[in-house]
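Visitor: For what it's worth, full-length UniProt numbering labels the leading residue of the sequence shown as 1, then goes sequentially.
Do not rely on the hints blindly, as some may be mistaken.
Result set (DSSO-like, lysine-lysine): computed pairs, CA atoms no more than 30 Å apart in a straight line [claimed, not checked]:
hint	residue 1	residue 2
1	Lys10	Lys38
2	Lys10	Lys29
3	Lys38	Lys374
4	Lys209	Lys251
5	Lys209	Lys358
6	Lys374	Lys363
7	Lys425	Lys415
8	Lys358	Lys374
9	Lys310	Lys209
10	Lys363	Lys415
11	Lys10	Lys374
12	Lys228	Lys344
13	Lys363	Lys310
14	Lys228	Lys209
15	Lys260	Lys209
16	Lys358	Lys310
17	Lys260	Lys228
18	Lys344	Lys374
19	Lys157	Lys363
20	Lys251	Lys228
21	Lys157	Lys310
22	Lys344	Lys363
23	Lys344	Lys358
24	Lys29	Lys374
By construction, these hints were calculated from the structure, which means they are not laboratory data.
Computed from a predicted structure; not experimentally measured.
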Amino acid sequence: MREIGISIPKIYESFAAQLGGFNLVTFTKQDMYNEIRKQRGLQGGDSDGRCQEDYAIFGDVLAFDATYGRNKYNLPVVVFSGVNHHNQTCVFGTAMVSEIEEFKAYWESMVNECGVREVEWVKDLYTKKHAWATAYICGRFFAGVRTTSRCESLHAKLGRFVESRYGVLEFVRNFQRCVDFLRDTEDELDFRSWYGTPVLQTEFVELEKSGWTMFTREMFLRYRDSLKRCVCVRICEFDDSDNPHAYTLQKYRRPEMNWKVYRDHISNRFTCSCMRMESFGIPCVHILSVCVRLDLVEIPESLVLRRWSKAAKLEIHNQCGEQHTAEPSVTYRTRLGAFSQLCKRLGRVACMSDEDFKVYSNKLMSDALFLEIKYGLRPLTDNMTTANDCGVKDPIRVRTKGTARMSQAGGSAPKTKRKCSTCGKLGHRRTRCPNGGAQPSTRNKESLAGRNKRKRTKVTT
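When you get a sec, could you build the whole thing from the sequences and use the hints?
Guide: Rendered as structure tokens:
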């Protein structure tokens, strides 16, 4: 409300109107001013609950690039990002930093200390530093991050929301819009992963169904591609004399291309010489070929990395109530982010029918009221009523009658009754006379005779 120009006093009055009075608002206007002042003073390490939740789950892989400088001060903007369970980019945080040539300084210090500055091999190694990551990544888990392309893609999305003329405050607000956009995409992918059934495309129906129940939709598609290529390799050697069992596989019509797969039959763990499982977390085609050979109907748990599964965030949701940190606000934001995701998931299915919507809406309102009373956010009274039970209602509309005629003394004058011209009685008119067509009274006869006499006099004159 403050961001769209509503003043703090108006916001405070709005809270009072919603709660039913100023005495029910549990804070003052000064508290609101203090909170806004606190929010403006952003400090290092500030992060909302959703970012902290994502970092707790997907923080095993962290990517950042300091080449983005789209702001008013020409400072590098470092966006700390990772890979979520849909293989999509998620944001952990951001910061504006100054340029530091740290790598070059460390390199110069190393070659001087070791005395290898003039060694040709060292010079050639430095020129090929862009390829160091490929050798280091093999066998280590990096969630498929091999180049800066993921960071560059995130910078392109960020450029749709942030402009170079923005200051710190404008940058933070619009950066949050970009983060909200990414989170909305993740929510949509969550829905598509949990609901719906894919069309089976392989001959290994049981293994394909097992992959759909375990992996998210994006990771299931990668898993199914590996399952399809099982027919391209064959097991040429098998040794079960010792634990682990050893399998030698060759590619179709390519005997020079072979791999070794080892299976521990006690723990049911698999390892392959291609190290794809260790590098990316998805079983390779060689391991899946061994699973087909063993006639398995479910994927072993050792081949399902939790960060790629549908239940990746369920564990952190259950642990939020057990976490205790030094800063209570951090715990609150983490719980809020986790609980918001659960509510979104409930809302998607509860809104599918009118009956479920009414049932769960009433239940949530009842639970929210109970917790508000429990924590003192709403006072408990004996006669708590809702707006529908209020005793003050709109009055019945009546026909207006105007004001009565007043006498000169200030009192009301008595009402004059009508006199019938036929029978001479009070209380009705001639058209409603009970005598109907009866003869007029004596008094009326005299008045009629006098009237006729005057008419004849006028005619003779």
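Visitor: Confirm or reject each hint.
Guide: Hints, one by one, checked against the model:
A hinted pair counts as satisfied when its Cα atoms are at most 30 Å apart, and Lys10 with Lys38 qualifies at roughly 20 Å. Restraint check for Lys10 and Lys29: satisfied, since their Cα atoms lie roughly 10 Å apart, inside the 30 Å limit. For the proposed pair Lys38 and Lys374, the alpha carbon gap of about 28 Å is at most 30 Å, so the pair holds. For the suggested pair Lys209 and Lys251, the alpha carbons sit about 26 Å apart, so the restraint of at most 30 Å is met.
For the hint pairing Lys209 with Lys358, the CA-to-CA distance comes to about 35 Å; that exceeds 30 Å, so the pair is violated. A hinted pair counts as satisfied when its Cα atoms are at most 30 Å apart, and Lys374 with Lys363 qualifies at roughly 16 Å. In summary, the hint linking Lys425 to Lys415 is supported, as the alpha carbons are separated by about 16 Å, within the 30 Å threshold. This hinted pair checks out: Lys358 and Lys374 have alpha carbons roughly 24 Å apart, not beyond 30 Å.
For the proposed pair Lys310 and Lys209, the alpha carbon gap of about 14 Å is at most 30 Å, so the pair holds. Distance check on the hinted pair: Lys363 and Lys415 sit about 63 Å apart at the alpha-carbon level, beyond 30 Å; violated. Between Lys10 and Lys374 the CA atoms are separated by roughly 28 Å; this keeps the pair inside 30 Å, and the hint holds. Pair hint Lys228 plus Lys344 does not hold up; C-alpha atoms about 35 Å apart against a cutoff of 30 Å.
Of the supplied pair hints, the one linking Lys363 and Lys310 holds, its CA atoms being roughly 27 Å apart against a limit of 30 Å. Straight-line distance between C-alpha atoms of Lys228 and Lys209 comes to about 13 Å, which keeps the hinted pair within the 30 Å bound. Of the pairs offered as hints, the one joining Lys260 and Lys209 holds, with about 27 Å between alpha carbons and a cut-off of 30 Å not exceeded. Simply put, Lys358 and Lys310 have alpha-carbon atoms about 28 Å apart, close enough for the 30 Å limit, and the pair holds.
For the given pair, Lys260 sits about 20 Å from Lys228 by alpha-carbon distance, which is consistent with the 30 Å threshold. For a cut-off of 30 Å, the pair hint linking Lys344 to Lys374 stands: about 24 Å separates their Cα positions. A distance of roughly 40 Å separates the Cα atoms of Lys157 and Lys363; the hinted pair therefore is violated under the 30 Å criterion. Distance restraint check for Lys251 and Lys228: the Cα-Cα separation of roughly 14 Å lies within the 30 Å cut-off, and the hinted pair is therefore satisfied.
At roughly 26 Å between alpha-carbon atoms, Lys157 and Lys310 fall within 30 Å of each other, so this suggested pair holds. A threshold of 30 Å between alpha carbons decides the hint, and for Lys344 with Lys363 the separation of about 16 Å falls inside it, so the pair holds. Among the hinted pairs, Lys344 with Lys358 is consistent with the structure: their alpha-carbon atoms are about 16 Å apart, no more than 30 Å. Proximity of Lys29 to Lys374 is assessed by CA-CA distance (about 24 Å); at most 30 Å being required, the pair is judged to hold.
In this structure, the hints that do not hold are numbers 5, 10, 12, 19, in rising order.
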